[in-house]
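2 protein chains.
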Amino acid sequence: MNLIILFESDFTDSVTAVLDDRRFTHIYNVQKPTPGDRLKVGLLNGNIGSGEIISLSDNKIALRVDLTYSPPAELPLTLLLALPRPKMLKRVLQTVSAMGVKKLYLINSYRVDKSYWGSPVLERQVNEHLLLGLEQAGDTVMPEVHLRKRFKPFVEDELPTIAAESRALLAHPYNATPCPAPEDKPTTLAIGPEGGFIPYEVEKLNQCGFESIHIGERILRVETAVPALLSRLFPI
Amino acid sequence: MNLIILFESDFTDSVTAVLDDRRFTHIYNVQKPTPGDRLKVGLLNGNIGSGEIISLSDNKIALRVDLTYSPPAELPLTLLLALPRPKMLKRVLQTVSAMGVKKLYLINSYRVDKSYWGSPVLERQVNEHLLLGLEQAGDTVMPEVHLRKRFKPFVEDELPTIAAESRALLAHPYNATPCPAPEDKPTTLAIGPEGGFIPYEVEKLNQCGFESIHIGERILRVETAVPALLSRLFPI
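From first to last, the protein sequence lines stand for chains A and B. Take the position in the first sequence, starting the count at 1, then add 338; the result is the number in our numbering. Take the position in the second sequence, starting the count at 1, then add 338; the result is the number in our numbering.
Think of the hints as simulated: they come from the structure by calculation, not from any bench. Predicted model only: the values in this text are computed from it and were never measured. We put the beta carbon where it would ideally sit given N, CA and C, even for glycine. Accuracy of the hints is not assured; some may be wrong.
Said to hold, decoys possible - Interface residues of chain A toward chain B, partial, derived using beta-carbon atoms under 8 Å:
(1) Val-479
(2) Asn-513
(3) Cys-517
(4) Pro-518
(5) Ala-566
Whole structure, please, built from the sequences with the hints as guidance.
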């Protein structure tokens with residue numbers, strides 16, 4: 339937890355926040371601060387700054403909060419990800435959120451197991467893992483996550499608008515060109531499931547203007563491919 | 339398992355390999371092939387090719403093996419990684435192996451918890467996780483892993499030779515320059531623990547010729563930082 343994220347509901351007045359949940363436990367057990375110390379805090383979807391400890395007991399902490407600077411820049415990216423299996427979804431949500439993705443579509447594909455759409459992670463823990471990513475990276479802005487359980491209507495009816503005026507790229511290692519150079523430019527990137535999109539899906543995405551790109555001949559797990567691709571596509 | 343890795347001990351003659359362990363189980367339950375089918379196989383530290391199924395029962399499979407092409411190119415990289423906590427170590431070993439790193443030093447740092455050096459993952463499962471990474475990526479060449487439990491003698495006595503004639507880089511976000519452009523050139527990269535190397539360690543590495551670099555203001559977990567950095571440092 340490199341940033342403690344505060345919610346409006348933590349505030350008892352305009353500058354005082356009181357924490358008594360897992361954030362308190364983390365601060366108390368890991369950071370072990372004393373009154374007067376300043377912690378790095380940020381308001382969800384808002385600014386970042388410091389929280390000076392004004393009181394600390396064994397079950398809660400009160401901070402005087404001063405939020406002075408903006409969160410890190412977001413990536414100009416809409417990411418389409420074939421829904422990963424639940425265990426990987428947790429880590430991918432954290433990674434995506436930590437790297438500054440703000441628009442994520444979790445989409446269906448032939449090789450997405452139907453059971454994944456009913457997983458407790460997807461139903462109840464998406465925001466929790468996105469928040470862990472923000473806390474890790476030092477960001478406050480919660481990504482939007484959209485679920486699309488039907489591939490064809492999504493690609494035919496919605497995707498043309500989503501991808502309009504952007505670099506539209508499909509990470510798919512066959513008949514592909516090397517990943518383009520970093521550019522700070524609106525981008526829509528589609529990443530398939532384990533085993534890849536099937537030819538029909540690749541064809542539909544190509545028809546929608548998505549260019550197939552690769553980052554080498556090695557086949558990477560999605561949780562590795564995401565940072566490898568994002569790191570190549572955007573300048574520092 | 340995108341590649342089935344064979345060992346010399348699997349061979350009953352110069353072209354026939356018999357599998358009855360977790361590789362058999364994977365092939366039998368996931369790939370569900372029939373005799374005559376060809377599977378992608380590779381010999382540990384050797385070539386890649388196909389294995390034609392010559393017999394298949396419910397407890398073993400025999401393959402006629404033909405190894406015709408080389409594994410993917412390795413990265414010209416020596417990676418120094420402050421030993422991560424065991425759960426993360428597993429994933430990092432897989433990632434490092436999948437991305438083509440062939441020389442890995444797991445080193446100590448002030449912020450590496452002493453208990454990590456005694457973890458069962460480190461003592462008994464390193465090769466297992468490296469192998470999973472190779473199977474994922476489609477590579478056969480097992481990385482060398484070296485453990486260095488003492489930071490100072492390693493950096494003073496060994497590292498100058500290890501890093502000689504290479505780009506020596508330290509991923510450290512403070513007083514750092516942006517990560518250099520991709521280049522196919524011998525590189526030594528040091529990545530710190532959660533919380534980073536302490537100033538003394540940074541100073542020692544800087545004195546040894548390591549230049550501090552960053553990939554932006556976001557703080558990434560080591561398992562995310564590794565692919566993000568490697569993807570930026572080397573061309574496709």
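Violations among the numbered hints: Of the numbered hints, 1, 2, 4 do not hold.
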